[in-house]
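First residue of the sequence shown? That's 597 in this note's numbering, and the numbers climb one at a time after it.
Hint data in this document are derived by calculation from the structure and do not stem from the laboratory. Just so it is clear, the structure is predicted and the values come from calculations on it, not from any experiment. It cannot be assumed that every hint is accurate.
What the hints assert, rightly or not - Here are the in silico distance ranges between beta carbons for each label pair:
| id | residue 1 | residue 2 | range |
| --- | --- | --- | --- |
| 1 | P666 | V622 | 34 to 40 Å |
| 2 | V622 | Q649 | 18 to 24 Å |
| 3 | R663 | R621 | 25 to 31 Å |
| 4 | L615 | E641 | 16 to 22 Å |
All C-beta atoms, glycine included, are put in the ideal place defined by N, C-alpha and C.
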Amino acid sequence: MSFDLFPDPANDDLLDPGLSARAQRVGKALAKLDEVELLAVLGIELQRRGLQQLGALPKPRARSPRRKAPPEREQMLLALPVHDDMADR
597 MSFDLFPDPA NDDLLDPGLS ARAQRVGKAL AKLDEVELLA VLGIELQRRG LQQLGALPKP
657 RARSPRRKAP PEREQMLLAL PVHDDMADR
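I would like the entire structure built from these sequences, with the hints used as guidance.
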(Lines of atoms letter the chains of each structure in order from A; the text may use other names.)
(Lines give C-alpha, C1' and ligand atoms only; values in the text may rest on other atoms or scores of the structure.)
Protein backbone atom coordinates (compact mmCIF):
# COMPACT_ATOMS: atom_id res chain seq x y z
CA MET A 597 0.00 0.00 0.00
CA SER A 598 1.53 3.25 -1.13
CA PHE A 599 0.43 6.73 -0.28
CA ASP A 600 1.75 10.16 -1.03
CA LEU A 601 2.45 12.46 1.89
CA PHE A 602 2.04 15.49 -0.34
CA PRO A 603 -1.38 16.25 -1.80
CA ASP A 604 -1.86 17.15 -5.44
CA PRO A 605 -0.91 20.86 -5.87
CA ALA A 606 -4.07 21.40 -7.93
CA ASN A 607 -6.12 20.50 -4.85
CA ASP A 608 -5.16 23.47 -2.72
CA ASP A 609 -6.86 22.71 0.60
CA LEU A 610 -4.21 24.77 2.39
CA LEU A 611 -6.07 27.95 1.45
CA ASP A 612 -9.20 26.93 3.32
CA PRO A 613 -10.84 30.10 4.70
CA GLY A 614 -11.50 28.24 7.97
CA LEU A 615 -7.78 28.00 8.70
CA SER A 616 -5.95 30.82 10.44
CA ALA A 617 -3.21 32.65 8.56
CA ARG A 618 -0.65 31.00 10.82
CA ALA A 619 -1.99 27.51 10.05
CA GLN A 620 -1.89 28.29 6.33
CA ARG A 621 1.76 29.42 6.56
CA VAL A 622 2.71 26.29 8.51
CA GLY A 623 0.90 24.10 5.98
CA LYS A 624 2.69 25.73 3.06
CA ALA A 625 6.07 25.40 4.80
CA LEU A 626 5.46 21.72 5.58
CA ALA A 627 4.36 21.07 2.00
CA LYS A 628 7.76 22.30 0.77
CA LEU A 629 9.68 19.73 2.85
CA ASP A 630 10.74 16.45 1.35
CA GLU A 631 9.56 13.21 2.97
CA VAL A 632 12.61 12.74 5.22
CA GLU A 633 12.51 16.32 6.52
CA LEU A 634 8.78 16.08 7.20
CA LEU A 635 9.21 12.85 9.17
CA ALA A 636 12.05 14.45 11.16
CA VAL A 637 9.86 17.46 12.04
CA LEU A 638 6.98 15.19 13.06
CA GLY A 639 9.31 13.00 15.14
CA ILE A 640 10.70 16.00 17.00
CA GLU A 641 7.19 17.31 17.71
CA LEU A 642 6.02 13.90 18.97
CA GLN A 643 9.09 13.61 21.19
CA ARG A 644 8.47 17.09 22.64
CA ARG A 645 4.83 16.29 23.36
CA GLY A 646 5.76 12.97 24.95
CA LEU A 647 8.27 14.65 27.24
CA GLN A 648 5.63 17.21 28.20
CA GLN A 649 3.20 14.42 29.11
CA LEU A 650 5.85 12.79 31.29
CA GLY A 651 6.42 16.09 33.05
CA ALA A 652 10.01 16.42 31.84
CA LEU A 653 9.17 19.64 30.01
CA PRO A 654 6.97 22.45 31.28
CA LYS A 655 3.65 22.80 29.52
CA PRO A 656 3.38 25.95 27.44
CA ARG A 657 1.32 28.66 29.04
CA ALA A 658 -1.53 30.25 27.19
CA ARG A 659 -0.66 33.67 25.95
CA SER A 660 -2.35 36.37 27.94
CA PRO A 661 -2.99 39.73 26.38
CA ARG A 662 -0.75 42.41 27.74
CA ARG A 663 -2.74 44.79 29.81
CA LYS A 664 -1.48 48.30 29.99
CA ALA A 665 -1.71 49.95 33.36
CA PRO A 666 -3.63 53.20 33.33
CA PRO A 667 -1.23 56.14 33.05
CA GLU A 668 -0.26 57.82 36.27
CA ARG A 669 -0.72 61.54 36.80
CA GLU A 670 2.94 62.31 36.12
CA GLN A 671 2.79 60.43 32.83
CA MET A 672 -0.40 62.23 31.84
CA LEU A 673 1.18 65.60 32.51
CA LEU A 674 4.11 64.69 30.27
CA ALA A 675 1.75 63.69 27.48
CA LEU A 676 -0.02 67.07 27.44
CA PRO A 677 1.24 69.69 25.00
CA VAL A 678 3.53 72.22 26.61
CA HIS A 679 3.01 75.91 25.94
CA ASP A 680 6.07 78.04 26.49
CA ASP A 681 5.01 81.51 27.70
CA MET A 682 8.54 82.88 27.24
CA ALA A 683 8.52 82.05 23.51
CA ASP A 684 5.58 84.43 22.97
CA ARG A 685 7.45 87.44 24.35
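Hint check results:
no. : hint                    : result
1   : P666 - V622: 34 to 40 Å : 38 Å, holds
2   : V622 - Q649: 18 to 24 Å : 22 Å, holds
3   : R663 - R621: 25 to 31 Å : 28 Å, holds
4   : L615 - E641: 16 to 22 Å : 18 Å, holds
Comparing the model with each numbered hint stated earlier shows that all of them hold.
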